[in-house]
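Given these sequences and hints, build the entire structure.
Protein chains in written order, with the working numbering: chain A, 1 to 134; chain B, 1001 to 1134; chain C, 2001 to 2134; chain D, 3001 to 3134.
By construction, these hints were calculated from the structure, which means they are not laboratory data.
Note that CB positions come from ideal geometry on N, CA and C, so glycine has one too.
Among these hints, one or two may not hold up.
[Said to hold, decoys possible] The calculated BS3-like cross-link candidates involving lysine-lysine, where the alpha carbons are at most 25 Å apart (straight line), are: (1) A:Lys-13 / B:Lys-1055; (2) B:Lys-1013 / A:Lys-55; (3) A:Lys-13 / C:Lys-2055; (4) D:Lys-3055 / B:Lys-1013.
[Stated by the list, open to error] If you want a taste of the chain D side facing chain B, the calculated C-beta under 7 Å gives, among others: (5) Asp-3006; (6) Met-3007; (7) Thr-3010; (8) Pro-3012; (9) Ile-3031; (10) Thr-3078; (11) Glu-3111.
Protein chains: 4
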Amino acid sequence: MTVTQDMLRTYPKDLGGVNQEILARCIDACIECAQACTACADACLSEDMVAELTKCIRTNLDCADLCDAAGRVLSRHTGYDVNITRAAVEACRAACKACADECERHADMHEHCRVCAEACRRCEQACDELLRAI
Amino acid sequence: MTVTQDMLRTYPKDLGGVNQEILARCIDACIECAQACTACADACLSEDMVAELTKCIRTNLDCADLCDAAGRVLSRHTGYDVNITRAAVEACRAACKACADECERHADMHEHCRVCAEACRRCEQACDELLRAI
Amino acid sequence: MTVTQDMLRTYPKDLGGVNQEILARCIDACIECAQACTACADACLSEDMVAELTKCIRTNLDCADLCDAAGRVLSRHTGYDVNITRAAVEACRAACKACADECERHADMHEHCRVCAEACRRCEQACDELLRAI
Amino acid sequence: MTVTQDMLRTYPKDLGGVNQEILARCIDACIECAQACTACADACLSEDMVAELTKCIRTNLDCADLCDAAGRVLSRHTGYDVNITRAAVEACRAACKACADECERHADMHEHCRVCAEACRRCEQACDELLRAI
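In structure tokens:
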């Protein structure tokens, strides 16, 4: 059991009907993707061909910020407002899709882009799954 | 001229046609609102009637996170992706609207909620204005 | 192999002599602790006795922010500056220690505080270990 | 009166003896500096000579994250812990000093680095002033 799952399990009130497994998977995917994107932006910055990776770096930075925000919103359950949650997860999904698309273009040449693209794709899918469940 | 405006003015490439005044206003509104929400969550926490303000605190925390993320996304122009920007600003607007609505309910009793509600409403409107412009 | 370890492994330049295992452990501890603290603040907010948990909530929020910042700084290696890294990890460690101490006071009564205190203590130790290694 | 000052003024309990003017100045400097650093990282990314600015970009990103975290910690007063505040402000000051030093090296060539260096230096001084006052 991950700490995320443990924190969901020990929440003192009703979680409001959302599937805990889907929710935990999405929180963990957001957190993992945020870290991968922060690290990928930095790895791109250290590539000799950094001038060709500027769009990738920028998309990485946006994706890290929106994954972090979504992961935080999803970790709160008190006074739940589906409009905020939905909008936060949609923004996260949009960034993950764009970042996965961009990183995949460099995945053959830069292994960090391949690892990051996979994390973005997993997070995009976890957001999709959660949006269908709420 | 604010630092935000100065940073837009000194960006070395084309800003892509978006009105600089509208963009600067939205960035500054996001930043101001994030700080007000962080402070309002904490002020609510120090009220004797904190038990009646838990939804307000939670909405404040979400709003701070989504304003911060939107303010960061809007401060970047390299490799611009309208889908990410639009989704980030929509999430920010949803949180600002919800937080303004919630804080307004306590504005008569708690002055920090009145100040925060005004910051949220300004940011909601700045997001609206920007979404119409992009 | 975690994504964090995979991103360290695929960084294109020299990581500057720091032990990768210790670094990965600290990054992952920061991320895990930030999520636990965000969730614990929210769980405390939903307790009937929230009025007695306000210091715990505040410390949780500080700890989440400082863990997030440290996790991001540690995920970057380009243009490494030991002074920034050291100060970021020291701030994270101070918050983790304070939050573990505070959550432990409620651990018998609130299981989320017990889970969170353990995550904070692990992160405090991971920060300690990293500070000795850099 | 700024929103930051207004939120300090309306905090419902005692602020604990810290000078409100110094505190408000430091919060506003953190927020302003975080935005300038996010924007400067992006402006550097759009420079043709981006390959020579990678250390500047990285320092900008660290500084933005640590200023954001410090600005949040300083916006909270409930359950005040001087150890956390001190460590957060020291980390912010270290990053501001490093980022001001780095940006100043490019200030003649890149106007965004000049604007950003000034924001970093103001924030470094505001942190210094606050650290002497707490």
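Going through the hints against the structure:
no. : hint                    : verdict
1   : A:Lys-13 / B:Lys-1055   : holds, 14 Å
2   : B:Lys-1013 / A:Lys-55   : holds, 14 Å
3   : A:Lys-13 / C:Lys-2055   : holds, 20 Å
4   : D:Lys-3055 / B:Lys-1013 : holds, 20 Å
5   : Asp-3006                : holds, 5 Å
6   : Met-3007                : holds, 4 Å
7   : Thr-3010                : holds, 4 Å
8   : Pro-3012                : holds, 5 Å
9   : Ile-3031                : holds, 5 Å
10  : Thr-3078                : holds, 5 Å
11  : Glu-3111                : holds, 4 Å
The earlier numbered hints are all upheld by this structure, with none contradicted.
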